[in-house]
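Turn these sequences into a full structure, and let the hints guide you.
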Amino acid sequence: MAATPYETLGIKSDATAAQIKAAYLKLAKKHHPDLNPGDKRAEDRFKAISAAHDLLGDPEKRARFDRGEIDASGQERAPERKFYKGYAEGAQGGRYRGAGPGGSDGEPFHDIFADLFRTGGGPFGGGQQRMRGADQRYQLSVTFIEAALGANRRLTMPDGHTLDVAIPAGLEDGQVLRLRGKGEAGVNGQPAGDALIQVDILPHPFYRREGDDIHLELPVTAAEAALGAKIAVPTPSGTVNMSIPRHSDTGKQLRLRGRGIQGRGGRPAGDLYVTLKVVLGTPDTALEDALKSFYERHPIDPRKHLVETS
Amino acid sequence: MISLRSVCEEVPGVSEADLLRWLEQDWVRPERREGEPAFREIDVARIRLIQELHIAFEVDEPTLPLVLSLLDQLYATRRQLRLVLETLDAPVRQSVAETLAPVIVVEAG
Numbered sequence: 067m068a069a070t071p072y073e074t075l076g077i078k079s080d081a082t083a084a085q086i087k088a089a090y091l092k093l094a095k096k097h098h099p100d101l102n103p104g105d106k107r108a109e110d111r112f113k114a115i116s117a118a119h120d121l122l123g124d125p126e127k128r129a130r131f132d133r134g135e136i137d138a139s140g141q142e143r144a145p146e147r148k149f150y151k152g153y154a155e156g157a158q159g160g161r162y163r164g165a166g167p168g169g170s171d172g173e174p175f176h177d178i179f180a181d182l183f184r185t186g187g188g189p190f191g192g193g194q195q196r197m198r199g200a201d202q203r204y205q206l207s208v209t210f211i212e213a214a215l216g217a218n219r220r221l222t223m224p225d226g227h228t229l230d231v232a233i234p235a236g237l238e239d240g241q242v243l244r245l246r247g248k249g250e251a252g253v254n255g256q257p258a259g260d261a262l263i264q265v266d267i268l269p270h271p272f273y274r275r276e277g278d279d280i281h282l283e284l285p286v287t288a289a290e291a292a293l294g295a296k297i298a299v300p301t302p303s304g305t306v307n308m309s310i311p312r313h314s315d316t317g318k319q320l321r322l323r324g325r326g327i328q329g330r331g332g333r334p335a336g337d338l339y340v341t342l343k344v345v346l347g348t349p350d351t352a353l354e355d356a357l358k359s360f361y362e363r364h365p366i367d368p369r370k371h372l373v374e375t376s
Numbered sequence: 079m080i081s082l083r084s085v086c087e088e089v090p091g092v093s094e095a096d097l098l099r100w101l102e103q104d105w106v107r108p109e110r111r112e113g114e115p116a117f118r119e120i121d122v123a124r125i126r127l128i129q130e131l132h133i134a135f136e137v138d139e140p141t142l143p144l145v146l147s148l149l150d151q152l153y154a155t156r157r158q159l160r161l162v163l164e165t166l167d168a169p170v171r172q173s174v175a176e177t178l179a180p181v182i183v184v185e186a187g
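Chains as they are written, first to last, in my numbering: chain C, 67 to 376; chain V, 79 to 187.
For the record, the hints were derived by calculation from the structure and aren't laboratory data.
Quick caveat, the model's predicted, so the values are computed rather than measured.
Errors might be hidden in some of the hints.
What the hints assert, rightly or not - Now the in silico label distances, taken between C-beta atoms and shown as ranges:
(1) C:Arg333 / V:Thr141: 46 to 52 angstroms
(2) V:Thr141 / C:Asp230: 51 to 57 angstroms
(3) V:Glu119 / C:Asn307: 41 to 47 angstroms
(4) V:Ala116 / C:Pro125: 38 to 44 angstroms
(5) V:Glu109 / C:Val242: 26 to 32 angstroms
(6) V:Leu82 / C:Gly332: 44 to 50 angstroms
(7) V:Ser84 / C:Leu221: 27 to 33 angstroms
(8) C:Asp201 / V:Glu119: 40 to 46 angstroms
(9) C:Pro285 / V:Asp104: 50 to 56 angstroms
(10) C:Thr341 / V:Val162: 28 to 34 angstroms
(11) V:Glu87 / C:Val253: 19 to 25 angstroms
(12) V:Pro143 / C:His371: 49 to 55 angstroms
Said to hold, decoys possible - Below are the EDC-like pairs computed for lysine to aspartate or glutamate, each with C-alpha atoms no more than 16 angstroms apart in a straight line:
(13) C:Lys106 / C:Asp181
(14) C:Lys92 / V:Glu136
(15) C:Lys96 / V:Glu130
(16) C:Lys95 / V:Glu130
(17) C:Lys113 / V:Glu130
(18) C:Lys87 / V:Glu136
(19) C:Lys96 / V:Glu136
(20) C:Lys148 / V:Glu88
(21) C:Lys95 / C:Asp105
(22) C:Lys113 / C:Glu73
(23) C:Lys92 / V:Glu130
(24) C:Lys95 / V:Glu136
(25) C:Lys148 / V:Glu130
(26) C:Lys96 / C:Asp110
(27) C:Lys148 / C:Asp239
(28) C:Lys95 / V:Asp138
(29) C:Lys148 / C:Asp110
(30) C:Lys87 / V:Glu130
(31) C:Lys148 / V:Glu119
What the hints assert, rightly or not - So the derived list for chain C, only partly shown, Cβ under 10 angstroms to chain V, looks like this:
(32) Ala89
(33) Asp100
(34) Gly104
(35) Tyr150
(36) Glu155
(37) Gly159
(38) Gly160
(39) Asp181
(40) Met197
Backbone N, C-alpha and C fix where the C-beta goes; we use that ideal spot for every residue, glycine too.
Set out below in structure tokens:
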């Protein structure tokens, strides 16, 4: 991002909180993507305005930014927002059909005509029109493991064609893959459109992902935790033997380096964090007696940190 | 399908009371499952938009139906226009594009 958040909002660096809010509201109302469906750049502008306001609207973040501790993009929020306009033009948008003639003094159909006139990147002129094929959208669900390690999937299109899709390792949930030239065929020798495949990741029964790392809760017996053990641990890329140190307890975290999301393009692989969970099983009288005498000799209060100190 | 409660969790600043009122006003029209509202993504996106218009942009509730009605008409028109253009066969599309070229100016790209 080249512009500073102050430039993005069009204010001076000594603007008051009220001035920041007023500038943000004015620009946000003007550029809200749902209020400007015909303008494809409105969404980018709105995101930049929102990011600038997130930073400057929070006195603490603003002070840190002013001191140079964080940069303008460092605080940008990642979650992709799905705007209403993305749905409103589909068939389901009919649910919110209004009555009577519409109208706007902007150019609400600009993008639709741009699609009609699309000439495959060349300058627009009169005469013979040549059109690049339309992009086609698909949706694909992959397993947690496929997303972690990468995979090849074959999609069968409604028309019977198949499409091979390489799922890159480390794919994020909802990521869209673009397959060049795999969309609709072009007209008059123009290139075909692209296939846009939105990939959703199915949740895993025991792995949980955080960035490039994976977390796993590993049940161990009381004996394995107390005495130490070598245990076979499942990882996305296969089972690994891990040593549990003596005197471990529930909550102890062990790291298997490089066993998280697979590395790619110079980015190192993530780690697998294993958190132990001690499982007692059903004690017999011998264990009951042993436990009783043990805790009599070594009394502990495992709940002492739960007392509020107010 | 998304429940009323998860919508409120997903869209900060919208309470169940707000949502029930908006349903009653017919601003949001989820499907019904066994009498309970069942929301889809489009409904959640619309709720987010209403929330933003109302809270951030300070459009008050008596004025909101006016804004929503204009937006709904705009989107209905856009849907229809898109549908019309998509229905045309490639040669017809091309001839429409040629006919409209002098009338409608669009930016390249």
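Results of checking the hints against the structure:
1. C:Arg333 / V:Thr141: 46 to 52 angstroms: Holds, at about 50 angstroms.
2. V:Thr141 / C:Asp230: 51 to 57 angstroms: Roughly 53 angstroms apart at Cβ, these two residues keep to the hinted range, so it holds.
3. V:Glu119 / C:Asn307: 41 to 47 angstroms: Holds, at about 44 angstroms.
4. V:Ala116 / C:Pro125: 38 to 44 angstroms: Holds, since Ala116 of chain V and Pro125 of chain C (Cβ atoms, about 41 angstroms apart) stay within the stated range.
5. V:Glu109 / C:Val242: 26 to 32 angstroms: Check passed, 27 angstroms falls within 26 to 32 angstroms.
6. V:Leu82 / C:Gly332: 44 to 50 angstroms: Holds, at about 46 angstroms.
7. V:Ser84 / C:Leu221: 27 to 33 angstroms: holds (30 angstroms)
8. C:Asp201 / V:Glu119: 40 to 46 angstroms: violated (20 angstroms)
9. C:Pro285 / V:Asp104: 50 to 56 angstroms: About 51 angstroms separates the Cβ atoms of Pro285 of chain C and Asp104 of chain V, which means 50 to 56 angstroms holds.
10. C:Thr341 / V:Val162: 28 to 34 angstroms: violated (58 angstroms)
11. V:Glu87 / C:Val253: 19 to 25 angstroms: Cβ of Glu87 of chain V to Cβ of Val253 of chain C: about 47 angstroms, so the range 19 to 25 angstroms is violated.
12. V:Pro143 / C:His371: 49 to 55 angstroms: About 53 angstroms separates the Cβ atoms of Pro143 of chain V and His371 of chain C, which means 49 to 55 angstroms holds.
13. C:Lys106 / C:Asp181: holds (12 angstroms)
14. C:Lys92 / V:Glu136: Satisfied, since the Cα-Cα distance of roughly 11 angstroms is no more than 16 angstroms.
15. C:Lys96 / V:Glu130: holds (13 angstroms)
16. C:Lys95 / V:Glu130: holds (10 angstroms)
17. C:Lys113 / V:Glu130: Within the cut-off at roughly 14 angstroms; holds.
18. C:Lys87 / V:Glu136: holds (12 angstroms)
19. C:Lys96 / V:Glu136: holds (14 angstroms)
20. C:Lys148 / V:Glu88: holds (12 angstroms)
21. C:Lys95 / C:Asp105: holds (14 angstroms)
22. C:Lys113 / C:Glu73: With Cα atoms ~14 angstroms apart, Lys113 of chain C and Glu73 of chain C stay inside 16 angstroms; holds.
23. C:Lys92 / V:Glu130: holds (13 angstroms)
24. C:Lys95 / V:Glu136: Answer holds: Lys95 of chain C to Glu136 of chain V is near 10 angstroms, not above 16 angstroms.
25. C:Lys148 / V:Glu130: holds (14 angstroms)
26. C:Lys96 / C:Asp110: Distance ~13 angstroms between Lys96 of chain C and Asp110 of chain C Cα, so the pair holds.
27. C:Lys148 / C:Asp239: holds (14 angstroms)
28. C:Lys95 / V:Asp138: holds (14 angstroms)
29. C:Lys148 / C:Asp110: holds (13 angstroms)
30. C:Lys87 / V:Glu130: holds (14 angstroms)
31. C:Lys148 / V:Glu119: OK: Lys148 of chain C and Glu119 of chain V at ~9 angstroms, within 16 angstroms.
32. Ala89: violated (13 angstroms)
33. Asp100: holds (5 angstroms)
34. Gly104: Holds - the Cβ of Gly104 of chain C comes within 10 angstroms of chain V, reaching about 8 angstroms at its closest.
35. Tyr150: Interface hint status for Tyr150 of chain C: holds (4 angstroms vs cutoff 10 angstroms).
36. Glu155: Since chain V brings a Cβ to about 5 angstroms from Glu155 of chain C, closer than 10 angstroms, the hint holds.
37. Gly159: At 6 angstroms from the nearest chain V Cβ, Gly159 of chain C passes the 10 angstroms test, so the hint holds.
38. Gly160: holds (7 angstroms)
39. Asp181: Given a least distance of 7 angstroms, the restraint on Asp181 of chain C holds.
40. Met197: holds (7 angstroms)
Going down the numbered hints, you'll see the structure goes against 8, 10, 11 and 32, while the others check out.
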